[in-house]
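Undergrad: Here are the chains, one letter per residue:
Protein chains: 2
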Amino acid sequence: MKRTTEFVLTERTKLKRLPKRAFYRRKIIYDILDEGFICHVGFVDRDHPVVIPTAYGRVADMLYIHGSAASRMLRSLATAIPVCVAVTLVDGLVLARSIFHHSMNYRSVVIFGTAIAVKDKKEKLRALRSFSEHVLPGRWADVREPNKGELKQTLVLRIPLREASAKSRSGGPMDEKSDYRLRVWAGEVPLRIIPGTPIRDPRSEHEVPIPSYLSNIMARFRA
Amino acid sequence: MKRTTEFVLTERTKLKRLPKRAFYRRKIIYDILDEGFICHVGFVDRDHPVVIPTAYGRVADMLYIHGSAASRMLRSLATAIPVCVAVTLVDGLVLARSIFHHSMNYRSVVIFGTAIAVKDKKEKLRALRSFSEHVLPGRWADVREPNKGELKQTLVLRIPLREASAKSRSGGPMDEKSDYRLRVWAGEVPLRIIPGTPIRDPRSEHEVPIPSYLSNIMARFRA
Chain V
6 MKRTTEFVLT ERTKLKRLPK RAFYRRKIIY DILDEGFICH VGFVDRDHPV
56 VIPTAYGRVA DMLYIHGSAA SRMLRSLATA IPVCVAVTLV DGLVLARSIF
106 HHSMNYRSVV IFGTAIAVKD KKEKLRALRS FSEHVLPGRW ADVREPNKGE
156 LKQTLVLRIP LREASAKSRS GGPMDEKSDY RLRVWAGEVP LRIIPGTPIR
206 DPRSEHEVPI PSYLSNIMAR FRA
Chain W
6 MKRTTEFVLT ERTKLKRLPK RAFYRRKIIY DILDEGFICH VGFVDRDHPV
56 VIPTAYGRVA DMLYIHGSAA SRMLRSLATA IPVCVAVTLV DGLVLARSIF
106 HHSMNYRSVV IFGTAIAVKD KKEKLRALRS FSEHVLPGRW ADVREPNKGE
156 LKQTLVLRIP LREASAKSRS GGPMDEKSDY RLRVWAGEVP LRIIPGTPIR
206 DPRSEHEVPI PSYLSNIMAR FRA
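Chains as they are written, first to last, in our numbering: chain V, 6 to 228; chain W, 6 to 228.
Keep in mind that the hints were calculated from the coordinates and are not lab data.
One or more of the hints may lead you astray.
Repeated chains share a single entry, so a pair holds when one copy, or any two copies, can fit it.
No farther apart than 25 Å at their CA atoms in a straight line, the calculated lysine-lysine pairs in the BS3-like style are these [said to hold, decoys possible]: (1) 124 / 153; (2) 157 / 126; (3) 127 / 153; (4) 124 / 182; (5) 182 / 153; (6) 157 / 32; (7) 153 / 126; (8) 182 / 157; (9) 182 / 19; (10) 19 / 126.
Here the structure is a predicted model, which is why all the values come from computation and not from measurement.
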């Protein structure tokens, strides 16, 4: 399939409601994927929906998800199974003058595709590296890489990124004209995730200072 | 169905992997549900899984979800459809000495059930109140309630809480014995969501101070 800058709209990714909030550009979608920590993977198990939170990473136009949490998906490792993956970043609360116009600011991505278990060792290692570097760049080079046995125990699923869309909302409330006269505080409360002070493992045998890749990212988050 | 303090384990909620991380007590599950802001709802649309993030609220043993985001679910409003709802709170990063033992601290709930559209006006209002009070207690009483037209436009789905489980991980890393000798920083980086300074809607006609229910919750979050 030819790679395009924008994902092609499909029946499933086309937004029926508030289409102005929808985006199909790879750059926008990938930025959201790269900022999130966990995804929610949906699949069908004997006609029933199952949703499971799990770690993920992206390598170019490929999404990798950690398979351990989704072991039920893996009954049949040989065949690709349809999945839907959602990543949602909550950016704030939108407080309007009426309940009806209350909302949230967010950026979210929904991906439709098929997941298949990665067997190739090199690809598996690349996927695991993407899980790690995506959450904490620099960590991979600092710690012990997975050995053969660990690699074998770890299930990784590959989902080619072919059908995806993003949705986002930002800014303050949009109230009914007649409600602006109401004496109520209205606006936006930004929300963000910040790291607290790192807690050193009490079982540590050495006094190792907090690595710069961690203190840097913490400074950036807390700024 | 008799109400029990614990959810009864089912084939779907029984944890095969790391069963020590699983909980079935209503209190634990409800505390997680009450702390989260958004849920991910999974359903099956023509044999394919769909996952959508949306707002929710809980009233006793009933979960309510906002239906607008899931309008595709509502093709047949008359019948209940199977859903899976996941709520995940990310509490921190777990940095081990080996990639393999890296993890996340989290609390998550997965609910299996059937969703049906709420038609009764009083129940709908109660559900909308739960969406609002759950995110920002005190807000409901301060703003204009939904009128008849708004109530009609808002889709709310009811999911009785009958089959659910929680999973959680906390604390530092658990490394392989031989890895403790490695000179690498290991431990836990707590993560939390904090509110930023509220941004007043520039369209406001009145100078209204930030209400105490908002400043109180902000102080608590930032403490």
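Undergrad: Would you mind marking each hint as holding or not holding in the structure?
TA: Outcome of the hint check:
no., hint, verdict
1, 124 / 153, "within (13 Å within a copy, 57 Å between copies)"
2, 157 / 126, "within (9 Å within a copy, 55 Å between copies)"
3, 127 / 153, "within (11 Å within a copy, 60 Å between copies)"
4, 124 / 182, "neither (59 Å within a copy, 28 Å between copies)"
5, 182 / 153, "between (65 Å within a copy, 17 Å between copies)"
6, 157 / 32, "neither (33 Å within a copy, 38 Å between copies)"
7, 153 / 126, "within (9 Å within a copy, 60 Å between copies)"
8, 182 / 157, "between (61 Å within a copy, 20 Å between copies)"
9, 182 / 19, "neither (30 Å within a copy, 51 Å between copies)"
10, 19 / 126, "neither (37 Å within a copy, 31 Å between copies)"
When the structure is compared with the earlier hints, violations turn up for hints 4, 6, 9 and 10 and for no others.
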